[in-house]
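Engineer: Here the protein sequences come in this chain order: A and B. Note that the working numbering has the first sequence beginning at 24, numbered continuously upward. Note that the working numbering has the second sequence beginning at 11, numbered continuously upward.
These aren't lab readings, by the way, just hints derived from the structure by calculation. Some hints here could point you the wrong way.
As the list claims (entries may be wrong) - Quick list of in silico lysine-lysine cross-link-like pairs, DSS-like style, CA-CA up to 27 Å:
1. A:Lys356 x B:Lys167
2. B:Lys167 x A:Lys209
3. B:Lys94 x B:Lys54
4. B:Lys94 x B:Lys304
5. A:Lys194 x B:Lys167
6. B:Lys167 x A:Lys300
7. A:Lys194 x B:Lys131
8. A:Lys194 x B:Lys181
9. B:Lys167 x A:Lys270
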Amino acid sequence: MADIVRHGRLQNPPFRLRSGQLLAALTTASALMLVAPGAALASNNTKTGSSAKAKAAMGSHAGSRSAKAQPKSRKGAVAAETRTAGATTARPARKPASNAAPIQEAGNAEARLIAVYEMFGRGQARPALAKARDLVRDYPNFQLAQLVYGDLLAAQVPPSNALPDTASIAKMRGNPAMAELHEESKRRLQALRERPPANTVPSQFLALSTRSRYAIAVDASRSRLYLFENSDKGLKLTADYYISVGKSGTDKTTEGDARTPLGVYYITSSLDPKSLKDFYGAGALPINYPNPYDLRRGKTGGGIWLHGTPPQQFARAPLASDGCVVMANPDLKQLLRKVQIGATPVVTARSLQWISQPQAEKESQSITGAINGWKDARANGNEAQLKKFYLPDFQRSSKKSTEGISAVDEEVKYAQGKRVQLKDMSYLHWRDGDDTMIVTFGEVFEGEKSGRSRRQYWLRQGTDWKLFHEEILG
Amino acid sequence: MPKSPRPRARFSFSPAVRALFLAAATCGAVLPALAAIEHEEVDKLMQAGKLDEAMTKADAFLKDKPRDPQMRFLKGVIQLDTGKRAEAISAFTQLTQDAPELPEPYNNLAVIYASQNQFDKARSALESAIRTNPSYATAQENLGDVYARLASQAYSKALQLDQNNTAVQPKLAVIRTLFTPTPVGGKPTAVVASAAPAPAPAPVAKAPAPAPAPAAPPPAKVAAAPAPVAAAPKAPEATPAPAPAPAPAASTASNAEVESAVRAWASAWAGQDMERYLAAYGPDFAPAGGQSRKSWEEDRRARIVGKSSISVNIENLAIKVDGQTATAKFRQIYRADNLNVTSRKTLDMQRSGNHWQIRKESVGG
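Next up, chain A with everything else stripped away, as it sits in the complex:
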């Protein structure tokens, strides 16, 4: 992705200085150096979701919604149908048209910081200074805001000022920790300038059942977490937030490597902030690292959470945690109101790729075919055929109990040749060295009202998809 962030000097330095030294110092040492005029707040940070709605979302997990008609064997159309079914099927009333895009309140501090940058970029140094002052008054622990405020103040100091404070400013500008703040500044600006293309989703989200009311995607390269609202119209970006990842970056492999895992996960719980140390801030949302794919590849470690910041820090450096994803507390609070335990997916990527809905549907065709093949083989009681869908080391786990049903014949017995309907399909695609798909769905046998929910982990071998793990969710 092209780096459009301008590192050069400001074009219109708002300060008339006899000596260019200060400005030079400012533009090389300052967080403001990144400001280019028109740092688009095109960020259209949209927020929907009243709290009432969020509660409804939390409560919807039990699955009281009417089952949706699911096309049976039309190859390659399942995901598409799932996505569009709502258009023809009566569904519980959703929030009307969420295309209005109010500024997210949680991003308030950041939006205000960006406004300061924009003013400065337009040469309005004094108003920028006043806004920065208000910002640090409201968020005294927002270190980047303090830096910007300091930069703006320092720009007002006559270059001749030879007082001790001038020296200490120069010294602090040389502090290595400044580099982290500049990086934070750069990433915040970059994420707000380079918006995801309209009508696209992260390439992992090939299909997401509306059982998942929200979805989360983290782009580590941008230090950004994107929050999507999911509806029968598909995923819609509603907000995005600055985040920090592991001190050593991403791609966790071993316990203690201070890296944030890359992959497709789910929120597994929400920890009461009262039970947590201050360090974790407003709360914590553990994810299921290591997931079955991670375990299969021998990855170790655990305790990867999305959590808040300690009281003394509004935000942390881009690379700061031991592997967790860290968000500002106001931002995390927004998230806490929305996530559904077990149902909100969290994609963590080095760098997100954004694809269109038709592209997502196209890419889900092969797995749709595999799922239908698996379902048909099971319904037909064809063990030999069914076996082809399993890797030899296939494992199954159940949330409810660990009845070791792992064999194909168990599956056949279970199905008893009955017709089954798969519904609420979700396909989450993860590709690194291998091509994997995490498929979640509910199955309802003919004549029954409800059935199991399964989460299957598929691995592509050549052109075939094979199951290596399955979780029975209940």
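Take the given structure of chain A and dock chain B to it, following the hints.
Structural biologist: Same frame as chain A, now just chain B:
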């Protein structure tokens, strides 16, 4: 601002002085003809360090004329000097309310706030002072210091450093008097400004040099070079500069010596040659405000050395020699970086061997 309702035949004020004067008048203060003398007395007592006496006198005066801004201001300075910060704050705050046009009370409020580590309040007060009077150099310099401190604090917070580690407190300059008009031709006194063409700004304790001249007429000629230009013989129009009578022939030689000393002083200042600059001041030089020579020198050094460029031009130089002493009065055009200040300056000189040294430096006169 009402048109001058109080023509005072003997006085002729520049518009800026008049503005300030009227500001005082509109807030209900009447400056009786004798007021200046009382102010002068209090000010002299203060300079002599007799603060109790000064306070007694100020109180006595205020009993009769409770609204007199100059005396209230002086009283505030006494309170500041005697460590009665709360009283001083209240005195200056009241003055900013009664006479919001005056920059000096804002400046001194800022000094107190800064000494209490309330730099944001200090900033706010100084910004008010400058809004009132943009060319107020003392407030400008103080504001620069406050910005530097605030910037330093913000960086400390950005880096989450222990803020107690930061550098020593900036010491802001107190303004010690409001302008005080006295009749033309009155005896030049050290501190009290006479009705000079440029409104005499308050002498500054810390930095005697770049005294501000609110809304002074632009200098006739400004050299970019730091060397002083030749004195312009032309007096600024419509201003009754205290044009001295031509010096008697006998003292011409002495006059030339004094002039040369004054120009050497200005040139050392502009050249940021601290050794020569400080040597221009004699051993009995008394910094204003009772400051010690040592700390005065430090202040001057801090103010002068760090500037990227300084120019000091002298115009309308008038020298009066009286035996071993002399008085040099002139218009000083001081430019440093983005400051540009014109003011009246009086140097009391003392002969020492075959050269002249500064015994007293005052603004106005």
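Engineer: Run every hint past the structure and note whether it holds.
Structural biologist: For each hint, the structure was consulted:
1. A:Lys356 x B:Lys167: 25 Å, holds
2. B:Lys167 x A:Lys209: With Cα atoms ~19 Å apart, B:Lys167 and A:Lys209 stay inside 27 Å; holds.
3. B:Lys94 x B:Lys54: With Cα atoms ~20 Å apart, B:Lys94 and B:Lys54 stay inside 27 Å; holds.
4. B:Lys94 x B:Lys304: 25 Å, holds
5. A:Lys194 x B:Lys167: Given pair A:Lys194, B:Lys167 holds - Cα atoms ~14 Å apart, limit 27 Å.
6. B:Lys167 x A:Lys300: 23 Å, holds
7. A:Lys194 x B:Lys131: 26 Å, holds
8. A:Lys194 x B:Lys181: 21 Å, holds
9. B:Lys167 x A:Lys270: 22 Å, holds
The earlier numbered hints are all upheld by this structure, with none contradicted.
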